[in-house]
Amino acid sequence: CLFPVLIDQLNTHWPMKVKLLLRNPQDYLRETADDIHKLARNPAPELHPMSAETEYVRALNAAKLERMFAKPFLGCFGDQGDQLSRVCMHPRALSLCLSGCVDGRVAFWNIPRRSRVLQLDAHSGCVQGLCWHPEQDLFYSCCDTDRTLKAWRVGDDLTEFSRPVSQRHLDFAPLNLDHHVSKDLFALSGDAVYLYDSRRSDPVGQWKWGSDSVLQARFNPTEWHLLAAVTKDNALLLIDTRQREPLRRIRCEFRQNALCWNPQEPFVLATASDDYNLYSWDARRLASPACVYRGHTNAAMDVDFAPTGRELVSASYDCTVRLWESGRSQSRDVYHTKRMYRVFAARYSLDARFIVTASADFNLRLWKARASEKLGALTPRERAAVNTAEALKQKYAHHPQVRRIVQHRHLPKRLYQAQLEMKAIRGKQRRKEVNRREHRGEDKEPFVPERDRHVRGVDE
Amino acid sequence: TTMDVAAEDSDQMPSGFHAKAAAKAARLRREAAKLASASALESPGGIESRPGEWAPTQSKLLRRVAVAARPGHFELSLQYGPYSVAYDTTGRLLALCGRGGHVAAFEWRQKRLMFESQVNEPCHALTWVGAGSTPQLAVAHSNWTYIYDAQGLELHCLKRLHKANKLFWLPRHWLLAACTDTGHLHWQDVSTGQTVASYCGHHGPLRVSALHPDSGCVLTGQPNGQLCIWTPLEKRPVVKMLCCPAGVRAVATAPAGHAVYTLGGDSRLRVWDIRCLRPLSVSDSGADAASIRLFDAAPQLAVSQRGLLACPVRQGAALMVLPAGGAKPLLSHPSPGRLSDLAFCPWEDVLAFGHARGLGSVLVPGSGEPNPDGAVHPLSGKRQRREAEVRGLLDKLPPETIAPPAVGGGVNAVDAEGIEEALARKRAAVMALPSDEVRQFQPRRRSGKASGELNRKVGERWQRRRMELRQLLKSKKRVLAEMGDEGADAAGGRKTKKAKKVSQSGELTKPATGTFLDRLIPKAD
Chain A
262 CLFPVLIDQL
272 NTHWPMKVKL
282 LLRNPQDYLR
292 ETADDIHKLA
302 RNPAPELHPM
312 SAETEYVRAL
322 NAAKLERMFA
332 KPFLGCFGDQ
342 GDQLSRVCMH
352 PRALSLCLSG
362 CVDGRVAFWN
372 IPRRSRVLQL
382 DAHSGCVQGL
392 CWHPEQDLFY
402 SCCDTDRTLK
412 AWRVGDDLTE
422 FSRPVSQRHL
432 DFAPLNLDHH
442 VSKDLFALSG
452 DAVYLYDSRR
462 SDPVGQWKWG
472 SDSVLQARFN
482 PTEWHLLAAV
492 TKDNALLLID
502 TRQREPLRRI
512 RCEFRQNALC
522 WNPQEPFVLA
532 TASDDYNLYS
542 WDARRLASPA
552 CVYRGHTNAA
562 MDVDFAPTGR
572 ELVSASYDCT
582 VRLWESGRSQ
592 SRDVYHTKRM
602 YRVFAARYSL
612 DARFIVTASA
622 DFNLRLWKAR
632 ASEKLGALTP
642 RERAAVNTAE
652 ALKQKYAHHP
662 QVRRIVQHRH
672 LPKRLYQAQL
682 EMKAIRGKQR
692 RKEVNRREHR
702 GEDKEPFVPE
712 RDRHVRGVDE
Chain B
609 TTMDVAAEDS
619 DQMPSGFHAK
629 AAAKAARLRR
639 EAAKLASASA
649 LESPGGIESR
659 PGEWAPTQSK
669 LLRRVAVAAR
679 PGHFELSLQY
689 GPYSVAYDTT
699 GRLLALCGRG
709 GHVAAFEWRQ
719 KRLMFESQVN
729 EPCHALTWVG
739 AGSTPQLAVA
749 HSNWTYIYDA
759 QGLELHCLKR
769 LHKANKLFWL
779 PRHWLLAACT
789 DTGHLHWQDV
799 STGQTVASYC
809 GHHGPLRVSA
819 LHPDSGCVLT
829 GQPNGQLCIW
839 TPLEKRPVVK
849 MLCCPAGVRA
859 VATAPAGHAV
869 YTLGGDSRLR
879 VWDIRCLRPL
889 SVSDSGADAA
899 SIRLFDAAPQ
909 LAVSQRGLLA
919 CPVRQGAALM
929 VLPAGGAKPL
939 LSHPSPGRLS
949 DLAFCPWEDV
959 LAFGHARGLG
969 SVLVPGSGEP
979 NPDGAVHPLS
989 GKRQRREAEV
999 RGLLDKLPPE
1009 TIAPPAVGGG
1019 VNAVDAEGIE
1029 EALARKRAAV
1039 MALPSDEVRQ
1049 FQPRRRSGKA
1059 SGELNRKVGE
1069 RWQRRRMELR
1079 QLLKSKKRVL
1089 AEMGDEGADA
1099 AGGRKTKKAK
1109 KVSQSGELTK
1119 PATGTFLDRL
1129 IPKAD
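Those protein sequences? They're chains A and B, same order as listed. Heads up, the first sequence is in our numbering, so the first residue is 262 and it goes up one at a time. Heads up, the second sequence is in our numbering, so the first residue is 609 and it goes up one at a time.
Simulated from the structure, these hints should not be mistaken for laboratory data. Among these hints, one or two may not hold up.
As the list claims (entries may be wrong) - Just a few of them, taken from the derived set where beta-carbon distance is under 7 Å, the chain A residues facing chain B:
| no. | residue |
| --- | --- |
| 1 | A294 |
| 2 | L321 |
| 3 | K705 |
| 4 | V709 |
| 5 | V716 |
As the list claims (entries may be wrong) - Straight-line alpha carbon distances no greater than 20 Å define the calculated SDA-like cross-link-like pairs of lysine to any residue that follow:
| no. | chain 1 | residue 1 | chain 2 | residue 2 |
| --- | --- | --- | --- | --- |
| 6 | A | K280 | B | S799 |
| 7 | A | K278 | B | L763 |
| 8 | A | K280 | B | P978 |
| 9 | B | K1034 | A | L283 |
| 10 | A | K280 | B | S657 |
| 11 | A | K705 | B | P659 |
| 12 | A | K325 | B | S651 |
| 13 | A | K705 | B | R1072 |
| 14 | B | K843 | B | R815 |
| 15 | A | K325 | B | A805 |
| 16 | A | K278 | B | K668 |
| 17 | A | K332 | A | R698 |
| 18 | A | K280 | B | P937 |
| 19 | B | K1085 | A | E699 |
| 20 | A | K444 | A | W470 |
| 21 | A | K444 | A | D407 |
| 22 | A | K332 | A | A650 |
| 23 | B | K1004 | A | K280 |
| 24 | B | K719 | A | A650 |
| 25 | A | K325 | B | L1002 |
| 26 | B | K1004 | A | L653 |
| 27 | B | K642 | A | L611 |
| 28 | A | K705 | A | E694 |
| 29 | A | K280 | B | V727 |
| 30 | A | K278 | B | S1043 |
| 31 | A | K278 | B | P659 |
| 32 | A | K444 | A | V465 |
| 33 | B | K1004 | B | K668 |
| 34 | B | K1082 | B | S1043 |
| 35 | A | K280 | B | L1002 |
| 36 | A | K278 | B | R1072 |
| 37 | A | K684 | A | V553 |
| 38 | B | K1034 | A | E694 |
| 39 | B | K990 | A | A650 |
| 40 | B | K990 | A | A301 |
We put the beta carbon where it would ideally sit given N, CA and C, even for glycine.
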């Protein structure tokens, strides 16, 4: 038949073009066993259905894993034998810190090893103040019982500790001590705020407002003439060393036990209050605190900013340590142990990764600032995974299941009950206010925001 | 595509902001597609033929392709009844089961047999479960469903999956779904062994079913022409859609995307968009492209990754492959026996078909997706597959995420209703009228010394308060009236009298006196 010939001729003159999908294995397999495996990539969304749901599941898993790996407690520094009153971190060395004890001993610690390098019988009474010289290897301690201020030199040969370099007798009982960031000045707080120059025996300046003693005075790390002080009569003072009288006095409802300037933002300071709150203040506008940090169930004894200026740590009489993000009134984390009793001091390490706490159970403890952080070198893949997990948790932070896991912290029964009690008290106060407002009227019972409830007045 | 057009249709956008956002999203999609295609390793297959030329035969194709493509074309003559075939998700393994009890699995490229056994029971359906590193095969016998491992050992007997006629594997959820002759639907978690859902659908025996892989829903075709969409959390079909005037004879979905193909009793093939439950045009040509007539089509359909459709014709004596959006066959192939099952190989240009006398495999240029993502492709190594299995288990989605796209929701969906409710509640709280209890409160009378004076004072105070509340009530009612129906709704459904007409100049008659509601009174401009 003619047709097969014709068809054959058609095929040769006009061949049909056929392309079949054929993969070369060399493009998909690694060349040697030392290579990494090749991974095919096609970002087309048709090949990635339910990507939002997958991402959500990964965020949930990231939240769960974070909680599983959250083991912040690193260890105890060893029994000191008596209550610890002060902790002071070295200004330049990452691994060194000082602790002051109620019986007058000062100990010098190596943080990573959690071992005591040296112990001094510094005073006969409670060590009320400890601070380092910012540049020299020198630290100061003061005591209210023997009214002395002693300077100790640190050297490579540790025998240099046995006697203080200098000793100064004071005519008042010092309650705290702080050194200037760069100048040779330090501030002692007792019945007033005294500014001392290390080369002069008499105080260079003295500030006081009212008749009650000053509990703590701190230099601003950036504004060199600015000091803040907290007094026993529930006041916060702002002092300019160039002036004779303090600048401002903020009268609070309760006593502020400790204060700390933000190392990164020169006008921000934080105080720990007896009314279970921490307050952060903007020095430019002192009429009300910038933020009220609520969470503790007993008096907050100490507060410290992280070197980044973005986080706070607080030590409390309720045997917990709380970590906060600057500006957020709910705590990010809470640390507690069965053996840790009233916590009187908490300090961040210089790299903002560790926290050292001193508590009434005679122990210094070392904690991680980020509870689920891996200590040690991270490979690039690990770091990428950690960053991805963090980003996912932030992206889905508002989803109820993710939020529930991220926010939850286990508390022992007494702390949990205390928290519920605080909540009930607060709820009752709010309900009462709402009822009063409804019955008495908006003008007689105006709505007062949280921030404005805690300051009695500002005096100039 | 038609769906992108719908998204960019600015008439449907509530506002200019939405239109801009949609346009930006479309532009980003286009750029991503361009980037993907620029960096793509492979290009898809295809046939370029002269107009009027007949569809090529396999021998013609084999003459024009490389020798490496030959493993894709083979025929197996087997004796144990009509065969069903299934590829695994990587496209490396092919399994078959026959009504005569023959169950086998092999790597079709190397023709390496994994296992072969005679189970002495009719086997109706099968699917690969698990990830590529530990492949397992689920086979629906006449009574129960069995799971076999790669060596053919029976691992599990699932008695709940009774008289299953179709098995589906949901890889992202690690679920084995089954439709049964008794009208039941089952979803079984293969990783934990938990039965996620198992219920009777009360829609008769579910003989025509398909899985929508993108959402995980099971689609069934009913004899009354309805297409039902089932999810594990609802015991009734979530969506019921009338898709043909006669009964639905076959349903198929593409491995990715939103197209659902139905073959009705009127021999017409229709394509639907599952996201909006509307028809898509079947062929590019012509206005009346809603359906194409498939003459003598037997009720099996298979769709490839690139949208090619395979169906048996001439009562199962041959198979035909239609291009995406076309009615003219791309190729056809005669079948030695009556066709019983069709399956496109993922990631390859290959189609396997089972028939009464065995099974075969043909080359279909342009059916496979050329560029895979990740380790789920035929050339991935053992370690990569293991890694991918672990990641797949970690990313296992909960069954709550199985929902048809038409119904909406999803993890990132804005809870518009919830937001509206919250806003309405806030508005109602502001606009709430003083409660009757407060207005009718009577202070208790005290007794005892100096109580007379106290009672008088308290009484006076309350009298003043009642006057204030009355004023407040009046001013609120006036504001509600001015706001009209919107205000009435905001106050929790309390209807006010007809709103007073605002004067021509636009000024209000009596401004409120010093209450906080002043800010809600519309300002006269």
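Okay, the hints, checked on the actual structure:
1. A294: 11 Å, violated
2. L321: Violated: closest Cβ of chain B sits about 9 Å from A/L321, beyond 7 Å.
3. K705: Nearest chain B Cβ about 9 Å off; hint violated.
4. V709: Interface hint status for A/V709: violated (15 Å vs cutoff 7 Å).
5. V716: 25 Å, violated
6. A/K280 <-> B/S799: Given pair A/K280, B/S799 is violated - Cα atoms ~40 Å apart, limit 20 Å.
7. A/K278 <-> B/L763: 48 Å, violated
8. A/K280 <-> B/P978: Given that 20 Å is the threshold and the Cα spacing comes to 12 Å, the pair holds.
9. B/K1034 <-> A/L283: 63 Å, violated
10. A/K280 <-> B/S657: 11 Å, holds
11. A/K705 <-> B/P659: With a Cα-Cα distance of about 90 Å, the restraint between A/K705 and B/P659 is violated, given a limit of 20 Å.
12. A/K325 <-> B/S651: Status violated; Cα separation ~42 Å.
13. A/K705 <-> B/R1072: Roughly 13 Å separates the two Cα atoms, so the pair holds.
14. B/K843 <-> B/R815: Within the cut-off at roughly 18 Å; holds.
15. A/K325 <-> B/A805: Since the Cα atoms of A/K325 and B/A805 sit roughly 26 Å apart, the hinted pair is violated (cutoff 20 Å).
16. A/K278 <-> B/K668: 11 Å, holds
17. A/K332 <-> A/R698: 46 Å, violated
18. A/K280 <-> B/P937: The hint holds at about 17 Å.
19. B/K1085 <-> A/E699: Cα-Cα ~18 Å, so holds.
20. A/K444 <-> A/W470: 25 Å, violated
21. A/K444 <-> A/D407: Roughly 27 Å separates the two Cα atoms, so the pair is violated.
22. A/K332 <-> A/A650: Distance ~18 Å between A/K332 and A/A650 Cα, so the pair holds.
23. B/K1004 <-> A/K280: 37 Å, violated
24. B/K719 <-> A/A650: Roughly 43 Å separates the two Cα atoms, so the pair is violated.
25. A/K325 <-> B/L1002: Given that 20 Å is the threshold and the Cα spacing comes to 12 Å, the pair holds.
26. B/K1004 <-> A/L653: Answer holds: B/K1004 to A/L653 is near 16 Å, not above 20 Å.
27. B/K642 <-> A/L611: 49 Å, violated
28. A/K705 <-> A/E694: This hinted pair holds, its Cα atoms lying about 11 Å apart.
29. A/K280 <-> B/V727: 41 Å, violated
30. A/K278 <-> B/S1043: Measuring from Cα to Cα gives roughly 83 Å; hence the hint is violated.
31. A/K278 <-> B/P659: Holds, at about 13 Å.
32. A/K444 <-> A/V465: 13 Å, holds
33. B/K1004 <-> B/K668: 45 Å, violated
34. B/K1082 <-> B/S1043: 13 Å, holds
35. A/K280 <-> B/L1002: 39 Å, violated
36. A/K278 <-> B/R1072: 97 Å, violated
37. A/K684 <-> A/V553: Distance of about 16 Å is within 20 Å: holds.
38. B/K1034 <-> A/E694: 19 Å, holds
39. B/K990 <-> A/A650: Given pair B/K990, A/A650 is violated - Cα atoms ~27 Å apart, limit 20 Å.
40. B/K990 <-> A/A301: 15 Å, holds
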